[in-house]
Amino acid sequence: MSAQQHRGARLSTGSAALLNRRAFLAGAAVLGASLATAGCAGTYDIGAGFSGNSGGDNRSTLVYWNLLSGGDGTHMEAMEAVYTKEHPEVDLQSTILAWGAPYYTKLSLAIQSGSPPDVAIMHLSRIHQYGPPDMLTPISLDLLAEHGMEPKDFTPLAFSKAHYNGQLLAIPLDTHPFVQYYNTKVCHKAGLLDSSGQLPAITSAAAMLDALRKLKKIGATPVVCDQINDPATPWRLFYTLYSQAGGQVLADNGNRVVLDEALALRVLTFIHQLATEGLMNADVDAGGGTAVFQAGDAGLYWEGEWNVTVFQAANMSFSMQPFPALFGRAAAQADSHTFILPKRQSADPEKVSMVLTMVRTLLGQSLTWAEGGHIPAWLPVRDSAAYQKLKPQSNYESVANYAVYDPPAWYSGSGSDMENYLGEPLGSLMLGSMSPQATYDQMRGSLDTLSRETVPV
Amino acid sequence: MSASTAPAGALRRATTAERTRTQRPGRNWGNFGLLVPFGVFYLLFLVGPLVYDVVLSFFNASLVKGGLGSFAGLANYRELFGDHTFWSAMWHTILFTLVSTPPLVLLPLFFAIVVNRIKRGQWFFRLAFFLPYILPSAVIALVWLFLYEPGYGLIDGFFNLIGVGAPGWLSDPNLSIYSIVIVTVWWTLGFNFVLYLAGLQEIPRDLYEASALDGAGRWKQTWRLTIPMLGRTTTLVTVLQIIASLKIFDQVYLILQGGPNYSSRPAIEWIYDTAFTSQRVGYASAASFILFIVILIVSFVWLALIRRQERGV
Numbered sequence: 001m002s003a004q005q006h007r008g009a010r011l012s013t014g015s016a017a018l019l020n021r022r023a024f025l026a027g028a029a030v031l032g033a034s035l036a037t038a039g040c041a042g043t044y045d046i047g048a049g050f051s052g053n054s055g056g057d058n059r060s061t062l063v064y065w066n067l068l069s070g071g072d073g074t075h076m077e078a079m080e081a082v083y084t085k086e087h088p089e090v091d092l093q094s095t096i097l098a099w100g101a102p103y104y105t106k107l108s109l110a111i112q113s114g115s116p117p118d119v120a121i122m123h124l125s126r127i128h129q130y131g132p133p134d135m136l137t138p139i140s141l142d143l144l145a146e147h148g149m150e151p152k153d154f155t156p157l158a159f160s161k162a163h164y165n166g167q168l169l170a171i172p173l174d175t176h177p178f179v180q181y182y183n184t185k186v187c188h189k190a191g192l193l194d195s196s197g198q199l200p201a202i203t204s205a206a207a208m209l210d211a212l213r214k215l216k217k218i219g220a221t222p223v224v225c226d227q228i229n230d231p232a233t234p235w236r237l238f239y240t241l242y243s244q245a246g247g248q249v250l251a252d253n254g255n256r257v258v259l260d261e262a263l264a265l266r267v268l269t270f271i272h273q274l275a276t277e278g279l280m281n282a283d284v285d286a287g288g289g290t291a292v293f294q295a296g297d298a299g300l301y302w303e304g305e306w307n308v309t310v311f312q313a314a315n316m317s318f319s320m321q322p323f324p325a326l327f328g329r330a331a332a333q334a335d336s337h338t339f340i341l342p343k344r345q346s347a348d349p350e351k352v353s354m355v356l357t358m359v360r361t362l363l364g365q366s367l368t369w370a371e372g373g374h375i376p377a378w379l380p381v382r383d384s385a386a387y388q389k390l391k392p393q394s395n396y397e398s399v400a401n402y403a404v405y406d407p408p409a410w411y412s413g414s415g416s417d418m419e420n421y422l423g424e425p426l427g428s429l430m431l432g433s434m435s436p437q438a439t440y441d442q443m444r445g446s447l448d449t450l451s452r453e454t455v456p457v
Numbered sequence: 001m002s003a004s005t006a007p008a009g010a011l012r013r014a015t016t017a018e019r020t021r022t023q024r025p026g027r028n029w030g031n032f033g034l035l036v037p038f039g040v041f042y043l044l045f046l047v048g049p050l051v052y053d054v055v056l057s058f059f060n061a062s063l064v065k066g067g068l069g070s071f072a073g074l075a076n077y078r079e080l081f082g083d084h085t086f087w088s089a090m091w092h093t094i095l096f097t098l099v100s101t102p103p104l105v106l107l108p109l110f111f112a113i114v115v116n117r118i119k120r121g122q123w124f125f126r127l128a129f130f131l132p133y134i135l136p137s138a139v140i141a142l143v144w145l146f147l148y149e150p151g152y153g154l155i156d157g158f159f160n161l162i163g164v165g166a167p168g169w170l171s172d173p174n175l176s177i178y179s180i181v182i183v184t185v186w187w188t189l190g191f192n193f194v195l196y197l198a199g200l201q202e203i204p205r206d207l208y209e210a211s212a213l214d215g216a217g218r219w220k221q222t223w224r225l226t227i228p229m230l231g232r233t234t235t236l237v238t239v240l241q242i243i244a245s246l247k248i249f250d251q252v253y254l255i256l257q258g259g260p261n262y263s264s265r266p267a268i269e270w271i272y273d274t275a276f277t278s279q280r281v282g283y284a285s286a287a288s289f290i291l292f293i294v295i296l297i298v299s300f301v302w303l304a305l306i307r308r309q310e311r312g313v
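Chains P and L, in that order, are what the protein sequence lines are. For what it's worth, my numbering labels the leading residue of the first sequence as 1, then goes sequentially. For what it's worth, my numbering labels the leading residue of the second sequence as 1, then goes sequentially.
Rather than coming from a laboratory, the hints here were simulated on the basis of the structure. Hints are not guaranteed to be accurate.
[Stated by the list, open to error] Pairs of lysine-lysine, DSSO-like flavour, derived with a Cα cap of 27 Å: (1) Lys351(P) with Lys65(L); (2) Lys65(L) with Lys106(P); (3) Lys119(L) with Lys220(L); (4) Lys189(P) with Lys351(P); (5) Lys343(P) with Lys65(L); (6) Lys217(P) with Lys189(P); (7) Lys106(P) with Lys119(L); (8) Lys214(P) with Lys189(P).
Model, not experiment: these values are computed from the prediction.
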């Protein structure tokens, strides 16, 4: 009797549990299906829900994407604050995304899916990847003038590079070149400074080797230049020197490889010598390179100008100058941050006008931007006394006139495949673990492959 | 005799037929109902993408253009077979699996046996070994970059202290994969360790008592009793480990980005780079299908080996 009761009880709890489970499963199935359909049909709304901004068409919002973190991010925020104070009617939604390839992937996908930001930061060297598939809104000069911007207000080189097929696709904010930092204390100790405490321009590869040997003699790290986990820096170093020697890498928008073996080998051999003679510390990542220089261990530091605020904050004695012309003409790898308007299916003139007003306001704040090291593209600021007084930032201001941008191709530009494919062997060369010839061969092979690939844009 | 058995057999057959007839529809519907929640996700997020991947691999699909792009036929596969960068990435994945699996099976076994012997404060060791496993890969990458950083890293400091130059953990192309193996062993050892601990608790106590009566010492017990009794756990751990190792991506991407000079780039990073940096989705799809086939073959070979092993037992 008691056993039967027990069994009955167990049975009933069993069926109750089953019922509950059924109800639960049915609920789960419905939830799953609705989630799935929502995923297919309503990406727009879900995206908005997750990120708080998917470029909604609400007139009062302005969605702005950029990849500016660290000091750049802080400066950009200060500039945005000026705009939002002047335009309280606009809800500026600024989103900072991770630098490099992931940023451009997200931007492509956002444009592709029809819900791009209203305005975004893009490296000038990247417009060749976005111009051809018609992903950017061309900006007419009339419209530009209406918003208080004329071609003559911009650094001519950056402004002309912002065109694709005769159309203006981007509004340059700056030029940011590869430069030379030097520790004034260490260089003074090595006897490299002139009477005014400046490092005189080094004008040949031999003179550079000489200076580095002097630094080595006093026990300093002669020059630090990072390459670990950072293929862009080796590329910047190579392209700077190779351009000084008059070399070209690509032609016909990337369909033809014109990398010159003899010229390239001259540069590669020089870099290899720096490694094998112990004149360069390249066994560091980007943070490590900054740390070595900040610790006062190194005489020279080769990097983009954007680390200036780090060393100023550390209160160390250093200065900066254009990357010395070691192989002939003055040249330095550089890029420009620009504002672009992603293409939308239905262009909204009011929105475009809002964007241009914002861009004009931010350009007016270029002095703030320049503090971060970048050379302003906005000439009213670049030519101002205030900028000229900004030291050491204005020391290398002239580089904006002869900067060398990555060769145009669908696979080149900031954080691109080309920078990665060429930067990796160059990184090994900088450690001395790869010979100049092997480096050249691998670079050539990668470029040949890239130039022959089916164009995805 | 035969006359009497025939009806009995017929009766038995009839009842089975009846049972299947009456029970099959209800049971099947119930089964399908239970499968729905999982099935929906499985179809949407596994089978669907897989089929889409195969379709994409026959087109010049691009990340930045709508639609499938132009039809490529077998061109993507042909290009892939001649692309040494892809095959070297595949080799890195396989090398990583070959190097990381033995320590990730043997070390947890060793630690589990040792910890299982500890009578007091065992919880501390269980926690200590398992804790790293709960950290996300991004945290692991940051921690180990601090350790490996040349010049300023903790490990470098240690090497300098004893007056030996530190190896180029992040810069030596011959060492990069091993640097990642060390990180991975430290990070994921805890999971296999817990599986082994569970396996150890399953071994009946009386076997130890019996073997002790037969005069087996600690060593002999471990070798002749504990390890053989853990055979099924070892098989499970090994299979799970091989599959996990073949999926290597995050640590390498976060710590080395596949460098130096692509010496550590695994297959999945190659696929990621090709699809999301080069924007050649069709080509990358062909590559991921090849990787899928390779993992499938490895799994089948392993399954066949296990079957034979089990039949042998």
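Hints versus structure:
1. Among the hinted pairs, Lys351(P) with Lys65(L) is consistent with the structure: their alpha-carbon atoms are about 25 Å apart, no more than 27 Å.
2. A hinted pair counts as satisfied when its Cα atoms are at most 27 Å apart, and Lys65(L) with Lys106(P) qualifies at roughly 13 Å.
3. A distance of roughly 20 Å separates the Cα atoms of Lys119(L) and Lys220(L); the hinted pair therefore holds under the 27 Å criterion.
4. A threshold of 27 Å between alpha carbons decides the hint, and for Lys189(P) with Lys351(P) the separation of about 57 Å lies outside it, so the pair is violated.
5. Restraint check for Lys343(P) and Lys65(L): satisfied, since their Cα atoms lie roughly 13 Å apart, inside the 27 Å limit.
6. Proposed proximity of Lys217(P) and Lys189(P) is supported: the alpha carbons are some 10 Å apart, at most 27 Å.
7. Distance check on the hinted pair: Lys106(P) and Lys119(L) sit about 54 Å apart at the alpha-carbon level, beyond 27 Å; violated.
8. Straight-line distance between C-alpha atoms of Lys214(P) and Lys189(P) comes to about 9 Å, which keeps the hinted pair within the 27 Å bound.
Hints 4, 7 from the list above are not met by this structure, while the remaining hints are.
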